[in-house]
Structure formats: structure tokens, C-alpha cells
Amino acid sequence: MAATRFRIWRQDGAEGEGGYRDYTTDVTEGMVVLDAVHQIQAESANDLAVRWNCKAGKCGSCSAEVNGNPRLMCMTRMSDLPTDRPVTVEPMRAFPVIRDLVCDVSWNYEVKKKIAPFEPRPPDAEDGTWRIAQEDVERVQEFRKCIECFLCQDVCHVLRDHHLHDEFVGPRFFVYNAALEMHPLDTADRLASLKRDEGIGYCNITKCCTKVCPEHITITDNAIIPLKERVVSEFYDPLKKLFRVFSGSARA
Amino acid sequence: MEQTPYEYDVLVVGAGGAGLRAAIEASAAGASCGVICKSLLGKAHTVMAEGGMAAAIGNVDERDDWKVHVTDTLRGGQYLSNPKMAEIHAKEAPERALELEAWGALFDRTKDGRILQRNFGGHRYPRLAHVGDRTGLEMIRTLQDHGIHRGIDFHMEYTVFRLLLDDGRVAGALAYDRERGRFRVYRAKAVVLATGGIGRAFRITSNSWEYTGDGHTLAYDAGADLIDMEFVQFHPTGMVWPPSVRGILVTEGVRGEGGILLNSDGDRFLFDEIPALYKDQTADSAEEGWRYVVGDRDARRPPELLTRDHVARCIVNQIKSGKGSPHGGVYLDIAWIKEKISNSEDHIKKKLPSMYHQFKELAGLDITKERMEVGPTTHYVMGGVRVDAESQMSTVPGLYAAGECAAGLHGANRLGGNSLSDLLVFGKRAGEYAAAFAREEGDVTLDEAQVEAAVGEALEPLEREGGEGPYQIQHELQDLMQEKVGIVRIESELEEAIEEIGRLSERARAVSAPGNREYNPGWHTALDLHPLLVASEAVARAGLLRRESRGAQFRDDYPRKDEHFGKVIIRAARGADGEMVVEEIPVEPMSDELTRLVEEMG
Numbered sequence: 001m002a003a004t005r006f007r008i009w010r011q012d013g014a015e016g017e018g019g020y021r022d023y024t025t026d027v028t029e030g031m032v033v034l035d036a037v038h039q040i041q042a043e044s045a046n047d048l049a050v051r052w053n054c055k056a057g058k059c060g061s062c063s064a065e066v067n068g069n070p071r072l073m074c075m076t077r078m079s080d081l082p083t084d085r086p087v088t089v090e091p092m093r094a095f096p097v098i099r100d101l102v103c104d105v106s107w108n109y110e111v112k113k114k115i116a117p118f119e120p121r122p123p124d125a126e127d128g129t130w131r132i133a134q135e136d137v138e139r140v141q142e143f144r145k146c147i148e149c150f151l152c153q154d155v156c157h158v159l160r161d162h163h164l165h166d167e168f169v170g171p172r173f174f175v176y177n178a179a180l181e182m183h184p185l186d187t188a189d190r191l192a193s194l195k196r197d198e199g200i201g202y203c204n205i206t207k208c209c210t211k212v213c214p215e216h217i218t219i220t221d222n223a224i225i226p227l228k229e230r231v232v233s234e235f236y237d238p239l240k241k242l243f244r245v246f247s248g249s250a251r252a
Numbered sequence: 001m002e003q004t005p006y007e008y009d010v011l012v013v014g015a016g017g018a019g020l021r022a023a024i025e026a027s028a029a030g031a032s033c034g035v036i037c038k039s040l041l042g043k044a045h046t047v048m049a050e051g052g053m054a055a056a057i058g059n060v061d062e063r064d065d066w067k068v069h070v071t072d073t074l075r076g077g078q079y080l081s082n083p084k085m086a087e088i089h090a091k092e093a094p095e096r097a098l099e100l101e102a103w104g105a106l107f108d109r110t111k112d113g114r115i116l117q118r119n120f121g122g123h124r125y126p127r128l129a130h131v132g133d134r135t136g137l138e139m140i141r142t143l144q145d146h147g148i149h150r151g152i153d154f155h156m157e158y159t160v161f162r163l164l165l166d167d168g169r170v171a172g173a174l175a176y177d178r179e180r181g182r183f184r185v186y187r188a189k190a191v192v193l194a195t196g197g198i199g200r201a202f203r204i205t206s207n208s209w210e211y212t213g214d215g216h217t218l219a220y221d222a223g224a225d226l227i228d229m230e231f232v233q234f235h236p237t238g239m240v241w242p243p244s245v246r247g248i249l250v251t252e253g254v255r256g257e258g259g260i261l262l263n264s265d266g267d268r269f270l271f272d273e274i275p276a277l278y279k280d281q282t283a284d285s286a287e288e289g290w291r292y293v294v295g296d297r298d299a300r301r302p303p304e305l306l307t308r309d310h311v312a313r314c315i316v317n318q319i320k321s322g323k324g325s326p327h328g329g330v331y332l333d334i335a336w337i338k339e340k341i342s343n344s345e346d347h348i349k350k351k352l353p354s355m356y357h358q359f360k361e362l363a364g365l366d367i368t369k370e371r372m373e374v375g376p377t378t379h380y381v382m383g384g385v386r387v388d389a390e391s392q393m394s395t396v397p398g399l400y401a402a403g404e405c406a407a408g409l410h411g412a413n414r415l416g417g418n419s420l421s422d423l424l425v426f427g428k429r430a431g432e433y434a435a436a437f438a439r440e441e442g443d444v445t446l447d448e449a450q451v452e453a454a455v456g457e458a459l460e461p462l463e464r465e466g467g468e469g470p471y472q473i474q475h476e477l478q479d480l481m482q483e484k485v486g487i488v489r490i491e492s493e494l495e496e497a498i499e500e501i502g503r504l505s506e507r508a509r510a511v512s513a514p515g516n517r518e519y520n521p522g523w524h525t526a527l528d529l530h531p532l533l534v535a536s537e538a539v540a541r542a543g544l545l546r547r548e549s550r551g552a553q554f555r556d557d558y559p560r561k562d563e564h565f566g567k568v569i570i571r572a573a574r575g576a577d578g579e580m581v582v583e584e585i586p587v588e589p590m591s592d593e594l595t596r597l598v599e600e601m602g
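Protein sequence lines, in the order shown, are assigned to chains C and V.
Mapping of the first sequence onto this note's numbering: position 18 corresponds to residue 18, and the numbering continues sequentially without gaps.
Mapping of the second sequence onto this note's numbering: position 50 corresponds to residue 50, and the numbering continues sequentially without gaps.
Derived by calculation from the structure, the hints in this document are not laboratory data.
By construction, the Cβ of each residue, glycine as well, lies at the ideal position given by its N, Cα and C atoms.
Treat the hints loosely; a few may be bogus.
Heads up, simulated DSS-like pairs for lysine-lysine below, C-alpha to C-alpha not over 30 Å straight-line [said to hold, decoys possible]:
#1 C:Lys211 <-> V:Lys369
#2 C:Lys145 <-> V:Lys111
#3 V:Lys369 <-> C:Lys145
#4 V:Lys350 <-> V:Lys360
#5 V:Lys349 <-> C:Lys211
#6 C:Lys207 <-> V:Lys349
#7 C:Lys211 <-> V:Lys360
#8 V:Lys323 <-> V:Lys360
#9 C:Lys145 <-> V:Lys350
#10 C:Lys211 <-> V:Lys350
#11 V:Lys349 <-> C:Lys145
#12 V:Lys351 <-> V:Lys338
#13 C:Lys145 <-> V:Lys351
#14 V:Lys67 <-> V:Lys360
Computed from the model, here is a short list of chain C residues facing chain V with C-beta under 7 Å [as the list claims (entries may be wrong)]:
#15 Phe6
#16 Ala49
#17 Asn53
#18 Ala56
#19 Arg99
#20 Val102
#21 Phe118
#22 Ala133
#23 Gln134
#24 Glu148
Quick look at which bits of chain V chain C covers, simulated, 3 or more residues with Cβ under 8 Å [to be verified]:
#25 41–48
#26 95–106
#27 128–137
#28 141–152
#29 238–245
#30 359–365
#31 516–528
Generate the whole structure from the sequences, applying the supplied hints.
As C-alpha cells, then:
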């Protein structure tokens, strides 16, 4: 097939100055962007850094921005991209670059550690386990499909443009919270922390995260909005507020 | 090294299911614990597992128990498994599955709200706990999310280059940071290897770049025994087109839902290839095969559901005799069921969602309307580090192995679903015994000279100028293993392969990988060559020594099972002169109780 032009972001170390460099490689039938990047790596840029793993859209390692769109490189077919201009490939912009297409996503791992872990209620069946209905499982399974590619984090303007990483955990971790909060066995309470530490109020439901999710999780409608509603009814419900005043509960 | 070493009671290498489970257990036993992984946390190959984990909980069929499970496993492994491991596995798998639920995993449910279990090849009753077709993701995420709150240190994107020894006992490891190229020394009283398989030694594989036989070779270099290395599982159905996705798995579930295999003449060739042993259990017409698929208890299985090794070999024969598909596979057709059911498109999408999307997105092919092209792909290695059945300790004191890089449970052939349960059962045991070993055996001393020598060796490809690049050697090895040590083996080709591996090893010692140390893929590939070559040599040498066909090993020159080889397994270890020595050793004996069970259940 045809020789195709690429503009790939190259950067030597986190402090190094980055820039696009032009490459050309032959694109053959069925190739995805990750194949082209690997081919360029083999042909003309042996030290081009790229993170990848399963190459089947299941591990969420090869996240990048292709022609400005947050995508998994392994699931982006070359035949779906316009051929009249170079294909631009650059790292996710919401995180610091380590080198070339690889960025430092360790912040996400730190954030997750701060969220209260799963805490099941005591087993209620005679055999020491639980009985759970399939429909209760299904509601949470949507959130548990998440492959932690962090593309939703990359596209969220609260992180990408306003850099509120210290006050806002991002869509991935609202999905994580939702999976725990709606888990049929969980008993922990994360609403105060969602409001106070995790900044759920910053989300103004533009749904950018939902649009880029490669697992098609309805992030905004099914995870974030229900969590926002729970936070509102917990902290802004006038009756509950009154109750807190009289009971002396300090929670707010 | 001027840098202070990281110190742990237990160091775990690998963060898939086995490594995470080991770390959780070691830490629960009060050991300080560090985990080193090549990728980011949560990306290990466990994430790719689809079908489920085998555990005789008996939720769907109350006749199931550990006794049935252990006999299924031993039969599937052609009686070369370590019987004690098979027994422990069958007994403890249910507890491990239920424990996962207590940590937040959400399996699919039965009507009365218990964990649902599904049928799978070689398991007598519905036994696989599962979450749709993404069980591995559920498992690794549950272990990850549980593990991060247990005080375990995770060292992500580090590769272990060498194990360090203290007077024959393991004492730690030297690793390098893949992101920044820095070395790091770990001192540890016990080490658990949980590094997965060797799939990257072959050209066509369902494994990712990580599966370069690291744990196998780290153990071998430290003086440990490897066993069963001739047994490499080739899954019959991987994608073959487009080239970029060659090898990616097409689940057995497609055939379970009625998918049929066809050659270029449109013949359903497996009907002509039914082994005598399975004649009575296999349908003799397409009509009967379909009745089985739709649940008729009187109908027999369609031939597409014969064992993985057999189906893979038949596909190879079709391709070799010129009856393959245009891109070197055969056809797998599920779309044909539209002749049988009216809403076939919706049915396929509902039953096989990830397969529908995989072909739609990667091959531009609609499996509800068109035939797929498929061919065998390297999937799993039954062989690995020889371990004690109870403790998972290798033949090197303080060195443990669990999961795919350990051997013994699966014998000559692994049953689908027995891998995820293997990871949990033996990952847990490895962590528990490693922690106890660390507590009882006390401190180790690191030898500076070992560290310096290993660092020097690791830097050689970066510093050497004008040598050959590593990619060429890697590709030649993958082609060699694919062609000569693959699904069908023969003495002359195995001998050629062993010689060629020797020549490639020479070349690997002289490679250059220019560039700097930060995220340098050429350098990483250069360092992966040694483990790939050691694992490949062990497969070829063991395959040559086993002069019979059994389970995953098929020898064209010895096409039948041999009584003698049914009593021995093959051990590979480094000899005194540094050369690999392979020899037969007796299969582990079976207890009287197990012998009786095997006789009773057939």
C-alpha cells in the first residue's frame, strides 16, 4: 500500500525540549497506528519510546493522541484516518512526558490509593458467602470493564487545562468510586471524600470522557451524575442538614 | 553500587495473578514485600484471560467436587502432572474463588444468586466461575485494588536482569528501570518468581512482548531445575489476517456456540480426522453436532470441540496440503447458524461480544455475516520451574515460583480454566511459604562483585559499537521456533534447531543497541535475547529427548504414545560446564487415594 507520512512527538527525558519529527513508512492492509509506530521504530527510529502490551484493546497501555484525539493506538486503524495529511501521534497531554510517546501516569496510582477500599457486609448465607442477584451485578459490571487507559483523564479539561490534579480525581476515579458505591456488598461511605477531597463538584458534565472511552462506559450519565446526586442529597438536603445540626455530627 | 539496596523479606517478580496473590499473602503473614513488574500495574497478561477460573464449587451441578476436578486435571495432563499439586489445586481452588469475591470481585450469578459456573473442555461438570468473557480483568483488578492497601511496594516498569545469590541461597535481584535505564539492587530473604510464559519465542503467539521466559531463565541461571519444557500449548484458533493481528486469540467459545472449521474446498475436514479414542463421544453428522450445540443431551460433541492439540494439528495438515485459506489459515464460520436460527446476528453479538468487536475493529469483518480466517497460535507453556508441591520452592533455597513460570500442575496439557485457579492457589502458597522461609532463615549478604559483574554485562550492548542489532536475532529465533520446534516436530529439525539456537546465542553475545538508557527499546530487546534463547533451547532439547507424541508434543517420527515416556518427565538444568543438560526423571508418585480415584472415575 501507500507510503504514509507521520508527525511523531519526540522528547528526550522529562526536562528535554520536545517537538514533532516527520517520518514516512509504508502502510499495508489492516495496520493500526501502533503497528505503524513500531514499523517506524524498527526502520528509522530505533530509540522511539512507546508503551504497549496486549495489542488487543484489553490492557489500556498504548494511550496517545492521534490527530489530536485521545485513542488506544492498538485499536485505531490506519484506514480510518485521512490520507491527505500526515498522521500526528503525540503523548497524552494531561500528564508529564517521560520520553517520546510515554508519559508518567503514576499520579493515577497515587489517587486510587486514597479512595476508601471495598468493605463488604458480613456474609449472609449459611455457607459463609453472599447471595447477589444478577441484575445487581450487571449495574456495577459496566464500571468494572474499565481498562485504566486514562484517556478519560487525558481529555478532561479540569485536569488537562486547569491542572487541578490536587483537588480533582478525574473521571476514571469517579467510575471507580461508582463501582464501589454501587457494589451490592460494599458498606464504606465515600460521599464526604468525593465532595471534599475528590472535587466531584468541578465536573460540569461536558461528557468528553464518555466520548473517548474505548470500553464505551457511560461515564457521565451512569457514574458521575448518580454520584453527584448522592452527594447533593447527603449534604444539601435541608432535612439532613437540620438533623446534623441537632445530632452534632461534624460531617460536612 | 553506591546506591543503597531496597530491602524486603519477600521480593515478588511479576504482577499478574500469581505475583499479586503471592505478595498479598506474604504481606498478610507480616513480611515486608516488594513487587517488581515490567509493565504498569494491572496490565499483565492475566488481563487477557477470557473463559473463567476452574473451581469445583458445585453451584451449577452439585455432583462436582475436588475429586472430580483432580481426576479431570490428571487425565488432561496425560498423567504427567505432579499428582500432589493437582490435588492441592482442586481442593483449594473453591476457597480462592470465594475469597476473591470477599475482596470485591463480581462474578456472574446463578438464578439463586450464587457464583455461576460454565462448561469448558475437559471439565466434567460446569466449573468455571466467570465474568462474561473478561474474567482475567476482573481478577487482576480485584487483586490490584486489594493489594495497594496492604503496604506492598510496587516497582513498575522494572525488569529483573539477574538473581543474586548468597552461598547457594537466593539473596535478591538486580533490576533495571525501563523508563530511565537506572539499575536498582534488591536484597531479599526470599524471592517469588511469577513472570508468566515464553510465548515470544515463537513468531505467532497470543502473548504480549513481556513473555520472554524471564522467570524460567532467572531460575535456570541461578541453578534451579526446569521441567516439562517440551509441552507448549498451541491454541487452534488465532487470528491470521490482517498481518498485524496475527496470533491474537479467537476464543474456543466460538466453536462452543456452533462455529465450524472449513478448508478452502468448503469441507468440514475434522469429520475425517476423529481419533479412535474419541469416536464414541463425537458426532458423526453435522446435524447431530448442531443438536449438541443447542443442548440436546443425547447428541455427541461436534468434532470442532475435540482437544486443542488435535484440532491445531489438523489445521496445520490442511494448510500444508494446500487447502488453507488465502492468508494461511482455515475458515472458522459462525455466520452459518443463520440457517438454523432466525435472529442469528443478535444471538452471536450477545454470546460473543468481544469476538464480534475484535473482528469488526481489527479486521473490518462482521462475524455474523462472514467467515473468519484462523490458525494455531502459541498460547501457554506447561513447562517451567520445578517446585515443591506444597511450598512452591524451587531447587534453589529461598527461590519460589508460581503461575505459568512454574511447572507440575498441568503435565503434558493444560485444561482451559485451570490457569486462573493455578495462579491463585499456588500464588497464595508461594507467598505464604516464602514469608515463613524469610522469617526462619534470617538475613542474607549481598556480594558486591556479583552486582558489579551483572551491571557490566547488562550495559555491554549499549556500550558495544558496530555489532549487529538485536531485532534481527529475535526475529530469526521466532521463525526458527515456529518452523522447527512448533506444532509438529521431527528429530532432524529439532537437532537443527538446537544447533541454530547455539549460533544465535553466540550472535546475541555480540549485539549493539545504541542510544541512551531512557526507555530504549533496542536495549531492552537485546537484554531479552538471553532468556528467550535459554527457554527455546530447553523446549527444543526436551522435545528431542521425548521420543513420543503425548499431549501438546507431537512428533512426526514417533506419532504414538510410548509406555516408557508415560512414566518420566524431562528435567533441564545447567551442567557443570555451563551447557544445558536434559535428562529423564520419574514422574512424581501418586498417593493410594488418588490412584483409587483415578481408577474409579476412569
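Here is how each hint holds up against the structure:
no. : hint                  : in the structure
1   : C:Lys211 <-> V:Lys369 : holds, 28 Å
2   : C:Lys145 <-> V:Lys111 : holds, 23 Å
3   : V:Lys369 <-> C:Lys145 : holds, 27 Å
4   : V:Lys350 <-> V:Lys360 : holds, 15 Å
5   : V:Lys349 <-> C:Lys211 : holds, 22 Å
6   : C:Lys207 <-> V:Lys349 : holds, 27 Å
7   : C:Lys211 <-> V:Lys360 : holds, 19 Å
8   : V:Lys323 <-> V:Lys360 : holds, 26 Å
9   : C:Lys145 <-> V:Lys350 : holds, 16 Å
10  : C:Lys211 <-> V:Lys350 : holds, 23 Å
11  : V:Lys349 <-> C:Lys145 : holds, 17 Å
12  : V:Lys351 <-> V:Lys338 : holds, 14 Å
13  : C:Lys145 <-> V:Lys351 : holds, 17 Å
14  : V:Lys67 <-> V:Lys360  : violated, 42 Å
15  : Phe6                  : violated, 16 Å
16  : Ala49                 : holds, 4 Å
17  : Asn53                 : holds, 5 Å
18  : Ala56                 : holds, 5 Å
19  : Arg99                 : holds, 4 Å
20  : Val102                : holds, 6 Å
21  : Phe118                : holds, 4 Å
22  : Ala133                : holds, 6 Å
23  : Gln134                : holds, 4 Å
24  : Glu148                : holds, 6 Å
25  : 41–48                 : holds (count 6)
26  : 95–106                : holds (count 6)
27  : 128–137               : holds (count 4)
28  : 141–152               : holds (count 5)
29  : 238–245               : holds (count 5)
30  : 359–365               : holds (count 4)
31  : 516–528               : holds (count 6)
Comparing the model with each earlier hint shows violations of hints 14 and 15; every other hint is respected.
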